[in-house]
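2 protein chains.
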Amino acid sequence: MLILLTNDDGIMAPGIVAMYRELAALGDVQVVAPETVQSATGHGITITAPLLTSKVTIENAFTGTAVDGRPADCVKLAINQLLPRMPDLVVSGMNSGANVGINVIYSGTVAAAIEAAFLGLPSIAVSLHLRSDITTDYKRAASFAMKAIRQVLSNGLRAGEMANINIPALAPDEQPAGIKIVRQCTRPFIDTYEKRTDPRGREYFWNSSVFSLGDTEDDTDVAALRDKYICVTPLQFDLTHREMTGKWRETKWELR
Amino acid sequence: MLILLTNDDGIMAPGIVAMYRELAALGDVQVVAPETVQSATGHGITITAPLLTSKVTIENAFTGTAVDGRPADCVKLAINQLLPRMPDLVVSGMNSGANVGINVIYSGTVAAAIEAAFLGLPSIAVSLHLRSDITTDYKRAASFAMKAIRQVLSNGLRAGEMANINIPALAPDEQPAGIKIVRQCTRPFIDTYEKRTDPRGREYFWNSSVFSLGDTEDDTDVAALRDKYICVTPLQFDLTHREMTGKWRETKWELR
Numbered sequence: 001m002l003i004l005l006t007n008d009d010g011i012m013a014p015g016i017v018a019m020y021r022e023l024a025a026l027g028d029v030q031v032v033a034p035e036t037v038q039s040a041t042g043h044g045i046t047i048t049a050p051l052l053t054s055k056v057t058i059e060n061a062f063t064g065t066a067v068d069g070r071p072a073d074c075v076k077l078a079i080n081q082l083l084p085r086m087p088d089l090v091v092s093g094m095n096s097g098a099n100v101g102i103n104v105i106y107s108g109t110v111a112a113a114i115e116a117a118f119l120g121l122p123s124i125a126v127s128l129h130l131r132s133d134i135t136t137d138y139k140r141a142a143s144f145a146m147k148a149i150r151q152v153l154s155n156g157l158r159a160g161e162m163a164n165i166n167i168p169a170l171a172p173d174e175q176p177a178g179i180k181i182v183r184q185c186t187r188p189f190i191d192t193y194e195k196r197t198d199p200r201g202r203e204y205f206w207n208s209s210v211f212s213l214g215d216t217e218d219d220t221d222v223a224a225l226r227d228k229y230i231c232v233t234p235l236q237f238d239l240t241h242r243e244m245t246g247k248w249r250e251t252k253w254e255l256r
Numbered sequence: 001m002l003i004l005l006t007n008d009d010g011i012m013a014p015g016i017v018a019m020y021r022e023l024a025a026l027g028d029v030q031v032v033a034p035e036t037v038q039s040a041t042g043h044g045i046t047i048t049a050p051l052l053t054s055k056v057t058i059e060n061a062f063t064g065t066a067v068d069g070r071p072a073d074c075v076k077l078a079i080n081q082l083l084p085r086m087p088d089l090v091v092s093g094m095n096s097g098a099n100v101g102i103n104v105i106y107s108g109t110v111a112a113a114i115e116a117a118f119l120g121l122p123s124i125a126v127s128l129h130l131r132s133d134i135t136t137d138y139k140r141a142a143s144f145a146m147k148a149i150r151q152v153l154s155n156g157l158r159a160g161e162m163a164n165i166n167i168p169a170l171a172p173d174e175q176p177a178g179i180k181i182v183r184q185c186t187r188p189f190i191d192t193y194e195k196r197t198d199p200r201g202r203e204y205f206w207n208s209s210v211f212s213l214g215d216t217e218d219d220t221d222v223a224a225l226r227d228k229y230i231c232v233t234p235l236q237f238d239l240t241h242r243e244m245t246g247k248w249r250e251t252k253w254e255l256r
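In the order they appear, the protein sequences are chains V and R. Position 16 of the first sequence, counted from 1, bears residue number 16 in my numbering, the numbering being contiguous throughout. Position 207 of the second sequence, counted from 1, bears residue number 207 in my numbering, the numbering being contiguous throughout.
Copies of the same chain look alike in the list, so a pair counts if it fits in one copy or across any two.
Here are the computed lysine to aspartate or glutamate pairs in the EDC-like style, where the Cα-Cα straight-line distance is at most 20 angstroms:
#1 Lys252 / Asp227
#2 Lys55 / Asp28
#3 Lys55 / Asp198
#4 Lys147 / Asp137
#5 Lys147 / Glu250
#6 Lys55 / Glu35
#7 Lys55 / Asp68
#8 Lys247 / Asp219
#9 Lys195 / Glu35
#10 Lys228 / Glu254
#11 Lys55 / Glu203
#12 Lys147 / Glu254
#13 Lys228 / Glu217
Hints listed in this document are in silico derivations from the structure and should not be mistaken for laboratory results. On a predicted model such as this, the values are computed, not experimentally measured, just so you know.
Model the full assembly from the supplied sequences, consistent with the hints where possible.
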């Protein structure tokens, strides 16, 4: 099994190293990941600038290719140029920080997996919820992620299908509540900004929001992660609003 | 009617100026747009850096706020800090270049409109297909966009609903074939890269793909734009794959 592993926190991030060590049990894992942190870059790609690459060796883990681009660039470039053949699976992560609710649409981790799915490959995004009062244990989190990944694969993940997996923040003596299949929470999250003035009198604004796993419907990713479940959400990339499309087609649209 | 106008080509781009002049007929149009070109930045946002702002005046058009961030930042910041009240409509565009098919997921123009919809506002993205053999007439294209916008609004665009409008490339003597309600084409587009070596021997890759409105199903945005229709696609932001979610819930998921 040939697995492409990428992320959005950069090739040297602890989350990707922990995922590599776990995924190596499944087959040949090739790492192509951004050179630098690409958090919240969404589904950006690089068209007008060159993509520089370099070999990076992480001791006791892998030698991979660092790309000075976005997560989605890494997937495109790996598939087109760097891998010996099309991979059997693409994994993106493990991200430092949850990708649930509205954050799914900002996430570079999810974007890399969606890119792979759009290109016709089975793909999985993995993210870890962080809590400031708990020391992050990437190794343990990656081993929980593998339990979910193995079950996703045994359920059958076909070409173009994608699973978004989030691991809860757990204290050393805590266990996950289980694995739960959930939908993406689509409640709006209203950001807050602090207005400030720079030394030259120019106004600037700083995002001061703290995303919290707040009150929401029980069947969502946000609620399940709050309740310490490992959450799995199958995602798709067809943004067409089918119901509205059907309704609007019933009207006569004229150039007038 | 209070309208927030933004884009991803930057506040000085000809497309946003042309849209402003047309939209002014509908109400009070406030412009909050990126300071610089943000093409293909997808749904990125700025969390860890400050967002600098400045007033920009475009002669014979508007005085707006330039934000040194992403299109989605502009929507967030406008709603939270810059506008006197929640707008009645958010318009993003007119983008220089079509946003159909797979490009919908990379587009900063679409991301700004999706951000607005996620926050509970009605929103519209407008993009113009460019052809190198035709001189781009933004004024004429914006007037065609308005014909579609007026019909979208008269059909009723509710809170959280979004329309993705694309205007075909037309020679001066050509007319659009009509207005068509279409779905997003989800056929994969495989990019190509040229491999090169920099003066110091480092390998780099340059995206050499040319997106074309190729063969596809007749009811898609790609086909309609190719056939010179003004295309309208209602979009949504719930990425949950409902069918897979239902299927996976039938299986027992265990931590083992």
